[in-house]
Structures are given as C-alpha cells and as structure tokens.
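Here is how the chains run, residue by residue.
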Amino acid sequence: MLKVKNLSVAFGSYRALQDIELEINPGELVVLLGANGAGKSTLFRAISGLIRPSAGTIEYNGKTITGQPAHQVVRYGISQCPEGRQLFPMMSVEKNLLLGAYARRKDREGVRRSLRLVYDLFPILQEKGHLSAGSLSGGQQQMVAIGRALMSAPQLLLLDEPSIGLAPLVVKQMFETIQRINEAGTMVLLAEQNANMALKISHRGYVLENGRVVMHDKSEALAGNEEVKKAYIGG
Amino acid sequence: MAGQKKWFKGSTLLVVLFLLAALALPQFVSRYYIQVIAMSFIFAIAVYGLNLMEGYLGLLSLAQAGFFGIGAYMSGLLTLKIHVSFWLALPITALLTAVLAVLIGFISFRTRGHYFVILTLCIGVIINLVIEKWESLTGGVRGLIGIPKPSPLGPLTFNTLESQYYLVLAFLILTVFVMQRVVNSLVGRTFVSIRNSEELAATLGINVMANKLLAFAIAAFFTGMAGALYAGFIRFIGPDVSNPNLTFEFLLYLLIGGQATIAGPIVGTLVASGLTEGLQFFQEYRMVIFGALLMIMVKFFPWGIVGFSKMLWSKYQKHFMKKASEGTATMSTAKGGEI
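Respectively, the protein sequence lines represent chains A and B.
The numbering used here applies: residue 1 is where the first sequence begins, and numbers increase by one.
The numbering used here applies: residue 236 is where the second sequence begins, and numbers increase by one.
There's no promise every hint is true.
Claimed, not checked - Some chain B residues well away from chain A (every beta-carbon gap over 12 Å; in silico):
1. L323
2. F341
3. G348
Unchecked claim - Cut-off 27 Å, straight-line C-alpha distance, at most; resulting in silico cross-link-like pairs (BS3-like, lysine-lysine):
4. B:K558 with A:K128
5. B:K558 with B:K545
6. A:K95 with B:K550
7. A:K95 with B:K553
8. A:K5 with A:K63
9. A:K200 with A:K229
10. B:K557 with A:K128
11. B:K545 with A:K95
In case anyone wonders, no lab produced these hints; they're calculated from the structure.
Note that the coordinates shown come from a computational prediction; the quantities given were computed from them, not determined experimentally.
Virtual Cβ for every residue (Gly too), placed ideally from N, Cα, C.
So that you can see chain A by itself, here it is in the shape it has in the complex:
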C-alpha cells in the first residue's frame, strides 16, 4: 500500500503541493480530482521519483521511497502512465510495449506473460503490433501507453488523465478497462478531470485544489457532494 504523508513540493518560492496526505490500500481504485494546475501531475511525479519533495515522506509497502530515483521506483512495483501518452512514435507498438518491461527484461518468461496479458486486454494492439505507434488513433495510442505501464507488472498503477483528448465512446471503454485492471488486483491511482465517470468506477476520491487536498471521501459520497458536483461534474 501507498502512504503519502505531509508531502510538499516547491518550485522555487512557488508551492506546488502542500501537506498532502493520501493513501491507497490494496485492491483500491482511487481517483484524484482537480482542475488544471491543481497539482495532480506534480503529485504523480513526486510519487514516481521524478521530482524531489521539499518535505514529507512517501511510503510504499512500509518502506520509505522518498528521494529514490525514478528508475528505482519502477522496480518497487509502481508504474506511471504519463499524461499525453508520450509514446515513441517511430517504434513499433510491440517495441513500445517491450520498453515498458525494461526494468524486468531479464525475466523473459514474465515479460512474455505480461505481453499476453496486455494483448488480451487490448486485442487491437496485437493486430497492430508491427505498425509504428505514431500511426495509431488517439484511443489506440492511449491503450499502448497503459499497456506499456502494465508491462512492468506493477502493483500500483498511476494513470495521469488517460481520457484526455479521446472521443466519449472511447473514454467509456477506457474506464471499463481501467476497472478491469483494478479488479485483477492492481491498485490504481487515477488523475481525472472527467469526474462523473471516474467517480463511478473508483472506490475513493481525493479533491485537489491549489496544491492541497480539500476533500476526500468515498466515491459515492463525493459524487453526491454539491460542491464537487458544481466544480467537476456540472449541472
């Protein structure tokens, strides 16, 4: 399980995150709501080791991982799927996926199993395995990005706005897939602006505003909360 305690991140004098308290328990799908600039991506970057927090700790399975380099954090079982997909456009779909298994490339059998798993989850990717990732549609590219994050066989998956720029129907499928990944036993932390859908599939949610957690509760409760409705769901 992941425990974030008292986490603060500062860029110069600008405080991007302040005293964040957040935890994810085994089996949970937790959603992180917040407008642009609320600090969602910063929190993700801090958890995955890309930026150093100015204060606070991040514990994973009872071990403090604060300040560990990003390439080490992957090996603990935390995998990030970055915002905006960020594929290697010239490389084939399969090579993109295999790079996701970089940290455990020696475990050939395990990598093959993960690839099988990803192809079962996204059959279209197997069909397009040899095409360059850049030639795929937006939704398929997002599949590659999620698949790549799964290739390291993570216990905790960090998904940064996977629905961004996708057609509504594709978004729906994407959320169903995320739910399936979670039901198979992977903890998921999902950053979203699409609160309506995200709250439907998640167990709990945190609301981030100006770098602070202003609310956290069970998803049903958040979905029923007037302020959340007004700010993130509309209507």
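Model the placement of chain B on the given structure of chain A, informed by the hints.
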C-alpha cells in the same frame, strides 16, 4: 522474417556495392585521392561517435575533436616515445579515451540541452589548450613528428599507401558493424527513448545517467580510435587535430549525411570531402558555400541525404506496392525496415 528475403533488400545491395567500390578503388584513382578518401574514412569513424550522441541519444557533444586529439596524441606518444606497438596502442588509446569520457560525463550530464552543448564545447577547448600548452609532453605547437607506421600484423605489412587505405577501411567497416548492432539492440532503443523524453525513460526503469555515460563512452571509444588511426596514417600531428573547428566539421558531415541513420556519417563525410576537393580554388571562401548548404540542409532536409533518400524510397515502394496489388490479388507485403 526469413534470412533469405533480406538479401533482396535494397540496403543490402547498396552495402555490397559500396564495399566492392571501396575495395576496388585504389586500382582506379591516383595516390592523392586514395589519401583523401582514407582521410574521409578516418573522419567518418569519428562522425559515427557524434552520430550516436547527437542522432540517437539526442545530446550534441562538441568535445568530439578533443577526443579525436587525445586519441591521436595518446597513440602517437605511445608508439613514438615508448615504442609500443601500434596494435597495442590503438586499443589502449580507445579504452582510455572512453574512460576519460565517462569522467567528463559525470560532470557534463548534470546539464541538459544548450547547456550541455556549451559545456562540452568548453571541454573541447580546454583539451585543445592542454595539448597546445603542455610542451614537455606534446611538443606544443611543433607537435609530434615521425610517428611510426602501423607495425606489421602477422604477414600483413602497412608500408604502402594502399595497405594503409585497406587498414583504415577495415576499421571503418568494424565501426559501422558495431554501431549497427548497438543502435538496433535494446541499448539503442534505450538511447532513443532518452532522446524522446528523459522523464519517460526514467519512469520505464531506465537508468538515464548510466545509459548516457555508456553512449558517451562508446562514442569516445570510436573517436579516440579514429584519432589513433589518424596518427598512424598521417604520422605528423599538431594541436590542430583537437581544434574545436574539427568538431564542427564532424557536425557538418553528420548533418549532410543524416543523423540517426547508419549510412549517414559515411555518406556525409564522403560528400563533404568531395565538395571540399571540388571547391579548393575558393580556399577560405568555401565555408561560405558550406554555410549556405548547411542552412538548406537543416531547413529542408533535416535528416540529411540518407534520411531524404529513405523517404523517397519508401514513397516509391508504396507507389509500386499499390500498383502491384492492383494487378495481382495477393502479394505478401514485406515488413517495413526500421532505421
């Protein structure tokens, strides 16, 4: 893909043609041109180092002439002053140059983008100055004179220009072979992923620093080796072999040929050397032409001659495939080659 099919790939044919031409060349051209082309081959080896850094890793190192100079001087000093065999001096030189690159890398990879470029340029200038001013070791501006020819290797001797030409060609082939293996391996893809996004690479579990050091070391290894070959071939070296201007020549060759391609460095070096020969009557003004050429290349052909030809080739193939599939119902489409 079946190995047999690969024989029919256009690129293989080109490689074979190039090799035949390179092997037959000394029979057909004057000594002067053998010399010029052998020099191009030596520079091309160094350009392969730059290609790995700038093309595949995405970090432009301007310290490359420094490594070339260190390679030339180290090998020159080893063979001239303490009479080490060329065949021992060459690997020692290449290895030590790589070690030095790792040390430099520890400092310089703390910077990124333009800062890295500026820092490596400074390192190149410093290496140049050290070579020029350390008179007791390097002979200062007088340089090293009378570096021995490469010593015989079993029955092979390297006393004639032709034999030295083949020696250089052999090392060029070795370099291309190794580079081709590197960039098409997981290591190569690791470099490319760092070029695309360092952060993403790190979140995939790639140790970015270690891989940058590895690329820098491989690049310096071959650049140092090129320097050692230069020393054994020209047999007189001065501080100019480490002049930062030489780095910019390497860069020019790379951009003309095409970065991040395997054929780019050799094509670029040969074309640019050919142009230099053709434009000799312009003397210093040839740089005006090169400058304009470089601007046109960067603006319209950012992937150089090789990248542009590949684009044309794949367009032609697509066109051809379309026509073929219109005619006959089924035709197995070959997988498009990468890099």
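For each hint, the structure was consulted:
no.	hint	in the structure
1	L323	36 Å, holds
2	F341	15 Å, holds
3	G348	17 Å, holds
4	B:K558 with A:K128	24 Å, holds
5	B:K558 with B:K545	20 Å, holds
6	A:K95 with B:K550	24 Å, holds
7	A:K95 with B:K553	23 Å, holds
8	A:K5 with A:K63	13 Å, holds
9	A:K200 with A:K229	13 Å, holds
10	B:K557 with A:K128	20 Å, holds
11	B:K545 with A:K95	21 Å, holds
The structure fails none of the hints (numbered hints given earlier).
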